[in-house]
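At position 125 of the sequence shown the residue is numbered 124 (numbering that gives the first Met the number 0), and the sequence of numbers has no breaks.
Just so you know, the hints here were simulated from the structure itself, not pulled from any lab data. Treat the numbers as computed from the prediction; the structure is a model and nothing was measured. Hints are not guaranteed to be accurate.
Calculated pairs, DSSO-like style, for lysine-lysine (alpha carbon to alpha carbon, straight line, at most 30 Å) [as the list claims (entries may be wrong)]: (1) LYS70 - LYS135; (2) LYS60 - LYS45; (3) LYS195 - LYS135; (4) LYS102 - LYS45; (5) LYS101 - LYS70; (6) LYS1 - LYS142; (7) LYS1 - LYS70; (8) LYS224 - LYS135.
Have a look at the derived ranges for each label pair, beta carbon to beta carbon [unchecked claim]: (9) VAL29 - LYS229: 35 to 45 Å; (10) TYR4 - THR158: 16 to 26 Å; (11) GLU139 - LEU17: 13 to 23 Å; (12) LYS229 - LEU2: 15 to 25 Å; (13) GLU221 - LEU25: 20 to 30 Å.
Think of the CB as a built atom: it goes at the ideal place given N, C-alpha and C, for glycine as much as any other residue.
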Amino acid sequence: MKLLYRIYQLCVVVPLLLVFSILAALFTCVGCMIGNGHVWGYYPGKIWSRLIVWLCLLPVKVEGREHLDPKQSYVFVANHQGAFDIFLIYGFLDRNFKWMMKKGLRTIPLVGVACEAAHHIFVDRSGPHAIHRTYKQAEEVLKDGMSLVVFPEGARTFTGHMGIFRRGAFMLADELQLPVVPLTINGSFDVKPRMKDIYWVFWHPLKLTIHEPIQPIGKGPENVKNQMEKSYEAIMSALEPKYQGFVENPDQ
Numbered sequence: 000m001k002l003l004y005r006i007y008q009l010c011v012v013v014p015l016l017l018v019f020s021i022l023a024a025l026f027t028c029v030g031c032m033i034g035n036g037h038v039w040g041y042y043p044g045k046i047w048s049r050l051i052v053w054l055c056l057l058p059v060k061v062e063g064r065e066h067l068d069p070k071q072s073y074v075f076v077a078n079h080q081g082a083f084d085i086f087l088i089y090g091f092l093d094r095n096f097k098w099m100m101k102k103g104l105r106t107i108p109l110v111g112v113a114c115e116a117a118h119h120i121f122v123d124r125s126g127p128h129a130i131h132r133t134y135k136q137a138e139e140v141l142k143d144g145m146s147l148v149v150f151p152e153g154a155r156t157f158t159g160h161m162g163i164f165r166r167g168a169f170m171l172a173d174e175l176q177l178p179v180v181p182l183t184i185n186g187s188f189d190v191k192p193r194m195k196d197i198y199w200v201f202w203h204p205l206k207l208t209i210h211e212p213i214q215p216i217g218k219g220p221e222n223v224k225n226q227m228e229k230s231y232e233a234i235m236s237a238l239e240p241k242y243q244g245f246v247e248n249p250d251q
């Protein structure tokens, strides 16, 4: 079965992935130029993500959508298991949002241009002024009623386990007094582990768990600490047992 799955990937998935990626990027760029950026910056990417997951024949389970209020903006924070985290959240969270992502992703052909057109937020850590500009941009996005998705670890795991969380996403939530929603991703590390980026996709079910929002308890360091610690605990609690527990990530 493994050989057949790899032949299928080579002959079917790869060619269609290229076609869908080009079309999604074009629709995003052109749509954002002539129409509503919130619509064209989200739906082509959502459809693209779903198609990729379905093409790879990966089953998806989502739990916890009932916790979300459709009229509320959120800061979503998720563990970062692998490349398929993007497809799982973009395709199956069913919430319009902007990504907060590494500045280096802007250089990816097609994807980087489309993300820029869609006004996703590239994190620039080149200095204090650059970091401040990034946070101000994120604040403006959230003030418009949009939600934000952040990987607070800042880097994909090497082991499937979680590393430490950075405070940036929680400071943004504190500044605007927004609830933080933890997301637990399971399966992505097994589908496409970081150590094997140049190899095949491995078949494994994917699961996205949407936890209850963590409401602000005030404003300031205590609230930031509360939302960060409770988010970490919630995400960890829903991880598969083999990936529970802290493991240091040298990328952090």
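**Message:** So, against the hints stated earlier in the document, which numbers end up violated here?
**Reply:** 3, 6, 7, 11, 12 and 13
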